[in-house]
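Asker: One letter stands for each residue in the lines below.
There are 2 protein chains.
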Amino acid sequence: MARPRKFDTNKALDGAMNVFWAKGYEGASLPDLLEGMGITRGSLYKAFTDKKTLFLTILEHYEAEHVAKAVTGLSDVDIPDGADRIITLFRNVVAAAHRGDWRGCLLCTAAAGPANDNAEISASVARLLDQMEQAFVVALNASPRFADRDDGARATLANLLLTQYVGLRILTRSQAPLEMIEASVQALESMLDAAQ
Amino acid sequence: MARPRKFDTNKALDGAMNVFWAKGYEGASLPDLLEGMGITRGSLYKAFTDKKTLFLTILEHYEAEHVAKAVTGLSDVDIPDGADRIITLFRNVVAAAHRGDWRGCLLCTAAAGPANDNAEISASVARLLDQMEQAFVVALNASPRFADRDDGARATLANLLLTQYVGLRILTRSQAPLEMIEASVQALESMLDAAQ
DNA sequence: TGAGTTATGGACTTTTCAGTACCGAATGAT
DNA sequence: ATCATTCGGTACTGAAAAGTCCATAACTCA
Chain X
1 MARPRKFDTN
11 KALDGAMNVF
21 WAKGYEGASL
31 PDLLEGMGIT
41 RGSLYKAFTD
51 KKTLFLTILE
61 HYEAEHVAKA
71 VTGLSDVDIP
81 DGADRIITLF
91 RNVVAAAHRG
101 DWRGCLLCTA
111 AAGPANDNAE
121 ISASVARLLD
131 QMEQAFVVAL
141 NASPRFADRD
151 DGARATLANL
161 LLTQYVGLRI
171 LTRSQAPLEM
181 IEASVQALES
191 MLDAAQ
Chain L
197 MARPRKFDTN
207 KALDGAMNVF
217 WAKGYEGASL
227 PDLLEGMGIT
237 RGSLYKAFTD
247 KKTLFLTILE
257 HYEAEHVAKA
267 VTGLSDVDIP
277 DGADRIITLF
287 RNVVAAAHRG
297 DWRGCLLCTA
307 AAGPANDNAE
317 ISASVARLLD
327 QMEQAFVVAL
337 NASPRFADRD
347 DGARATLANL
357 LLTQYVGLRI
367 LTRSQAPLEM
377 IEASVQALES
387 MLDAAQ
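Protein chains in written order, with our numbering: chain X, 1 to 196; chain L, 197 to 392.
A hint or two may mislead.
[Unchecked claim] 20 angstroms max Cα-Cα, derived SDA-like pairs, lysine to any residue:
(1) L:K265 to L:K242
(2) L:K219 to X:D130
(3) L:K265 to L:A311
(4) L:K248 to L:E259
(5) X:K23 to L:K242
(6) L:K248 to X:E26
(7) L:K242 to L:G211
(8) X:K23 to L:D326
I should point out that these hints are in silico values taken from the structure, not numbers from a laboratory.
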């Protein structure tokens, strides 16, 4: 019906996601976004309403593209011990930093900045962080190392893991020394290894 | 020498610190700062050069007012077991959230945002985070629970603690549920208790 | 082919930002 | 008391921000 879109919506969302990821919500200006998406103002506002709405859409895109992968990894039955899944996740974070990816996590950055003052953004961020936490619970429940603990203890520990994840992503973004990132994950591994 | 300052520099710095703390570097506009400091534009630029320089000054103020307190607490010989000092620190973070203080940590917020792209700010933030880490090392070295581990293991664990601290502050700032904050710290206590 | 509809590009508007200019006020030094 | 100097308040500037408008283009459907 009528003139069709010239741009590929998914490519545009990818572009916007990368800009927001690299610069954060407030750091990403409209020209930045337009360049990253390869479209012009008219198209952006017609297709995505405004910057805030676009960001909410991008959060869902990020959920589908990245959070889902992390959640899947933490539920991956091919790795029988859930603690190993957790270690894999954190090693992937270290690997990203190692290859020069200092963007951290779109979610964590949004959680830290003024964008979080917006109720809708805040709710979305909270929901995604919750997904991560639940996935940690799943992983812990699937680990023999924590089999002797009760559900409450595992749920509590999941919060520590989420906190660790967020902290690590923020430190990465702040260009903390690689050794710090590595040591932090090393200590986490030792902790998980020490469990029973 | 000529006309003296009408305002109290320390009060003004406190005011600016609170504004930056509550809103972050980019979220704090000049009118915000002027109101919080109780002075006008002319005075601000005369006394503090510009916004970035003011922020650098505020980071030092924050160091003296808050980082130093945390570092002192972690070195407090009145608490013989260093692990207890660490627990106290984290309980204070929980207590802040409990009383409705969602500002988190000036440092952690700065580390996460675009302000960190500035080399001077980034360097200051890194230096303060390093102070925290070193203080964690001191505390761990003063704990009988970790006496059997080598220096390297304790230094590594200090990075985990710093990461945990940053993550907790960011989650607090994002208005994460109080139970999440509490559970995270609860799990950390369990971990420290489980050590030897 | 023409009518109706939606997409596009870019000029334009409005607001807010950080920072400057400058004048009058308040002080210390002589 | 006067002068030099610094401080304080405000009007101003220029840049950059987000968002709007609208003429034109490109399509579908009848």
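Asker: Among the hints numbered above, which are violated by the structure, and what are their numbers in rising order?
Answerer: 1, 2, 3, 5, 8
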